[in-house]
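Chemist: Which chain is which? The protein sequence lines are G and V, in order. Quick note: the first sequence, position 96, residue 88 per this note's numbering, numbers continuous. Quick note: the second sequence, position 236, residue 228 per this note's numbering, numbers continuous.
Copies of the same chain look alike in the list, so a pair counts if it fits in one copy or across any two.
Cut-off 20 Å, straight-line C-alpha distance, at most; resulting in silico cross-link-like pairs (EDC-like, lysine to aspartate or glutamate): (1) Lys162 - Glu141; (2) Lys26 - Glu216; (3) Lys26 - Asp214; (4) Lys26 - Asp221; (5) Lys26 - Glu206; (6) Lys332 - Glu243; (7) Lys0 - Asp92.
Quick caveat, the hints were computed from the structure, so don't treat them as lab data.
2 protein chains.
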Amino acid sequence: MSHIDSLKSLFSQINDVYSAASLLSWDQETYMPKGAGDSRSRTIGTLSRIAHEMSTSDEFARALEGAEQEVQHLDEESDEALMVWWARHDFEKAIKLPADFVHELSEVSSRSTQVWQVARKDDDFERFAPWLERMVALQQQAAEYLGYEAHPYDALLDQYEPEITHAEVKEIFDSLRRETVPMVHWIAEHSHVVTDEPLRRHFDEATQWRLAREVTAMIGYDYEHGRLDPTAHPFCSTINVGDVRITGRAEENFFNPLFFGSLHEAGHGIYEQGLPKSLSRTPIGSAASTAMHESQSRLWENTVGRSHSFWEFYYPKLQAAFPQTLDDVSLDDFYKAINKVTPTLIRVEADEVTYNLHVMLRFELESKLISGELAVADLPQRWNEKMEEYLEIVPQNNANGVLQDIHWSIGLFGYFPTYALGNVIASQLAAAALREHPTISDEIRHGDFSTLFNWMHRNVHQQGRRYHPELLIARATGEELSTSAYLGYLRNKFGDVYGLNGA
Amino acid sequence: MSHIDSLKSLFSQINDVYSAASLLSWDQETYMPKGAGDSRSRTIGTLSRIAHEMSTSDEFARALEGAEQEVQHLDEESDEALMVWWARHDFEKAIKLPADFVHELSEVSSRSTQVWQVARKDDDFERFAPWLERMVALQQQAAEYLGYEAHPYDALLDQYEPEITHAEVKEIFDSLRRETVPMVHWIAEHSHVVTDEPLRRHFDEATQWRLAREVTAMIGYDYEHGRLDPTAHPFCSTINVGDVRITGRAEENFFNPLFFGSLHEAGHGIYEQGLPKSLSRTPIGSAASTAMHESQSRLWENTVGRSHSFWEFYYPKLQAAFPQTLDDVSLDDFYKAINKVTPTLIRVEADEVTYNLHVMLRFELESKLISGELAVADLPQRWNEKMEEYLEIVPQNNANGVLQDIHWSIGLFGYFPTYALGNVIASQLAAAALREHPTISDEIRHGDFSTLFNWMHRNVHQQGRRYHPELLIARATGEELSTSAYLGYLRNKFGDVYGLNGA
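Looking at chain G on its own, in the form it has when it is part of the complex (with noise of 0.2 Å):
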């Protein structure tokens, strides 16, 4: 057996147990037993621990460096030699952190995330604080053993976006922040062109759940490899390449969260199912990023989702599933309902003009955190200062603002900058599928998603992990990344919808 192959072999081993990690975490979303809670903390922990002692193990060491002088005689491009060359970058990554803290870290997380689902529930954030900063503690503790060099944050943003750090991210925010503003304020003054009230009538929840299945089936998403359960926060989980499940939240009472979540979900489903199967348990078999990940996701929730030709084909099909309740309402005016901007207290039903608004917060505040500038008691006020900063609205509770989303309780801190430049790339990558095939709209319009489909499929899905981002970008668009097609898709979309363009 060659070097290579035993590191394969082992990879396969380490996938296995990550991939009960999985399915362990989306049972104790959905379908756990409420009293099997704390067990269910040390499982996982334990089986993260595992998997982290493979990964690092002597004979981990032993076959990767054996692979590393076998691959010497390949292709540098080859999957091989690709594979061996991400299996070492992970590898120095994974024995900065020892054993024991990736227990601890693990065990915390899920159980501060039960903690969270009650503070959430009950507003409670007195209750979740102690859990917060034992949380904070733990990712300061991080950044330092993964190291740095001008901000701590740095460490913890590339677990998810590579290469990038807390200076570019506020970059690229700055300037988005220079153009949004000025459009949600000058949207704002305009407000009365559009209302959201036809989606906020009765949904009855069985037909809204039979939709979401329908529609996302419909751009792709594989039932035979996946499923869609209910759950507090939507999310998507990877049990493996052949087992991608997704989960949505209904409100009787507003179409938008299950409908627009679902595609949300979707497209991140998508994306894990469309991976190469000859690279899965591989190093090079996974997403290429998070960013990357969300672009897929906000592709088919907002720029497929929310575009006027997709409603074209599905609008006369959701006033038949809902008889009587949007009769009154034309294709146009329900067109504008799902695209209303309006600054908004929750972060996942933010229209697209606000949404980066809200993780620009995030960003300030979980950096800030890190750094220790911020401490956790503080966290509720600054939050509330934030939203009156840039959206002038104040949450009327904790459960609304800073107990909204899990990623804190959970451990994902770096993540959130993730969803706007996902949103940047979406517009970069459909612009470039539409250069080469400008019939997609059409085709949409007539609900054949499969041009945009196979596009993606090919340009990014298959990659993998071959590539960082910035590179797979650059492969698929023929540009650098870039602001421009998402602010220009801003700019047009809008315009439109408020009837103002050229104003």
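Please arrange chain V on chain G, whose structure you already have, making use of the hints.
Modeler: Same frame as chain G, now just chain V:
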């Protein structure tokens, strides 16, 4: 840290890995997407191998040896001493099975079960046969690894029922057969006395599920630490002591499968939920044996669930749940219907008198498969011949014959006899509880199951696996294991049902 504590810590981690494997298996039967099958088998296989490696590692052996020294100073009956004794017992067994063999067995088990599911659905024994041959060969190999004196089947039996042999089971079964075959014959001559037509009416499935949840909760199955889901073949799965799940199968036009199946699985679940928490994740924190387990499921399914006392309480509720359906059926006629004795094809639907004959058939066939006296290719014919011989009926197809049970596909050879032993033990335990608390029947008549529940909890569940089954029975009942309570119960009950007492 003492060696005992090291050993406990290792057991905790091993237990976590098995816990993950249990969830993977539960999920495979309930919510896993169809396309994920192959990966799932492999993942479960990897976890089994990891757990086996942990249970047989040098680190484990050192901790065990150290702990054996430490417990020499403790009372032999102390939990620590008993834990270490069983740890040695299990270790000696585990090291007999090579890690690769355990891995292969687990993978084949998982895949073979998937093939069985399709084969059963399509009535296609040929499809399943090569997998069954592979499984038989693996079981024969396991028997050789484990070792035996008289019969290779002894080695397999011992995995479920410590210390019992093929010869002993044969003797018990011969004695049961001597009494039950004439009884079946005697009842068959008076079959017109009882009709089960009322059970074959239309029972709305949603209502069936509601009642199944209600009645299992009433007898003491805890839904804060459990759940009931639909599967093709009902089972009870312990993720851990705080998360014990049961499954069921509803038939729209037959009342029995879900109602009595759920009582049965809840009986298993109550045992698992009642195991001593202080000993959880140790070798003595589990159930005493498979037959002891079955005694608890049969107790609630039959001894209680098919008793006149129970239905004096529950029949008005049942009539109310299915309006008009049972208006013309008296309590006594319903009681007779659920206790009708008829030779049938399906073991899990068999009455209490013919049930053991189904088990004997399987015991005889599987012990001959293992000894090599019977080939898989000849199995369907021999199955049908035995059905003719014992029950005077022959299945029209293999789906209702040799393909009906999951056991052989999953690798549970040596397991079937524990079903009949469970019946025997259930009667013996129930008789002892009644001697101590003669009010139990009256309490059940008023829907109070607590005295019986608590007696089992104290005398069986809370004992864990401290004692061998025979010793546990002796401690609980003051008697040796004996078929007399069971045979007396059958004689009394079915004498009453068929109005033939003293005939």
